[in-house]
Amino acid sequence: MTRSTHRTRRLLQATGVGAAALLALSACSSPSASDASAKPGGSSASSAKLSGTVTVFAAASLKESFTTLGREFEKEHPGTKVTFNFGGSDSLAASITAGAPADVFAAASTKTMAIVTDKQDNASAPVIFVRNQLEIATLPGNPDKISSLKDLTRSDLKVVLCDTTAPCGSAAEKALAAGHLKLTPVSYEQDVKSALTKVELKEADAAVVYKTDVKAAGDKVEGVDFPESAGAINDYPIALLEDAPNPEAAKAFIELVRSAEGQSVLTAAGFLKP
Amino acid sequence: MTSPDTTNAADTVRSGRRHDRVRPGIPLPLLLPALAGLAFLLLPLIALLVRAPWRSLPEQLTSAAVWQALQLSLICATAATAVSLVIGVPLAWLLARTEFPGRGLVRALVTLPLVLPPVVGGVALLMALGRNGVVGRWLDSWFGITLPFTTTGVVIAEAFVAMPFLVISVEGTLRAADPRYEEAATTLGASRFTAFRRVTLPLIAPGIAAGAVLAWARALGEFGATITFAGNFPGRTQTMPLAVYLALQNDPEAAIALSLVLLAVSIAVLAGLRDRWMRAA
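Residue numbers (full-length UniProt numbering), protein chains in the order written: chain H, 1 to 274; chain S, 1 to 281.
It is possible that part of the hints are untrue.
With the C-beta cut set under 10 Å, the calculated list includes, among others, these residues of chain S facing chain H [as the list claims (entries may be wrong)]:
hint : residue
1    : S191
2    : P234
3    : Q238
4    : P252
Derived from the structure by calculation, the hints contain no laboratory data.
All residues carry an ideal CB built from backbone N, CA and C; glycine is no exception.
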């Protein structure tokens, strides 16, 4: 008798622990749950009232302009919040295909967007919203007198490039090939911002980055244009993702990016019109 | 005399009986989380084995890029361990065997890289030893030495994060070792350095070895400080963890293959350490 009551109590304790674990697990996923509960109301009212968090995975080069647009969006739609994950488009694409919860993906190349579309993780067809051109970032005042892409091959210069898997790296590779140049950098950085940072910190003499990055860095670096960049312009596609927790608000954010207002913010940052 | 004996006997009887009763019934509230914990730790490693591209593995592992990264990793981790031994063992001795004001603070500072996020360590190293760093700018202008983006930079980054493991381990062994042997040696006329070299060092050798293996393993796995301070260039600064991280972006199979190599090295280190610890104990 006592043994069996003992056992039932033990069982009850076990289920208690199990229930607690379940509660803890569901607590972890509560933000998406609240999004889901907010969604039906939003869709029936046909995007009248947006709410919840929009998670945007965006190329590192979009950092400044998308942060501005995110703030605009939150102002236009009170109750919403835009959170960003900026990084190398290749690593962002890899985390999206691995199941990272995101609503929108804005890549710096069609090739990295294809990683996501190949897995059919996108819910809308990718649209090109801007283009971006490469530029050489040098130390302020250009002390090494860099005036062309060929100058970067000088052996006394420490040059950093993006890794060839990142869009800025493959564009640089294309530009170098167009100029029949062979460049050995000191480092292949994982995204464009970390390449730029190495010049800002004066650890490297030059980096091949985007015009927009040079502009965003202000007087911390100096930009040098080079003709080979014309043949290596990157298209930036944006798409709604298949498992978007908040698709209504995500669609509205993509609309904002493509609107006249969004385009003016992006072109002011140095992006080219699509 | 008799009463303790009887209680002892009663104890053994009772504990024996309890032993028999307890063994089949491990309490479920402990067993279930324990199994969950075990699964949590083992599942990712098993998944690595399940998803491993076994068919293309020989081809992946014999590629020049993998060997280059592995070779660089082994060389740098060993060099970082050597650096840690040369400057870390004396530091451990200083902390364990001498008295000076603020020793507790120094000890805490020495262990700081142990808990510091490695990327922060990399940024700190850039600020100190970078071409424009506090010390680095003088290295550059006086000797023409720049450390970022070099293999030496990788060794420095790895030694920075790995040395505290060695210092902690050696200091602990020193504290446990009897200082009277050294004192006896000095009273017999040996200088304090001779006493350290001839008496203390052999005494704490197992502790040094264990600390060195820990430091080596930590150096081998170093990622954050290395990519921040030394950058990423195949054959020069791209160690295995960097290669794994970058391969994951475009060639997951290669990343898995590289991970398997590191896993095998880790298991080998663990097996070696276990023997060492068993003997020490």
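To see whether the hints hold, each was checked on the structure:
1. S191: violated, 45 Å
2. P234: The hint holds - P234 of chain S has a Cβ within 10 Å of chain H, the shortest such distance being about 8 Å.
3. Q238: holds, 8 Å
4. P252: holds, 8 Å
Of the hints listed earlier, the one the structure fails to meet is number 1.
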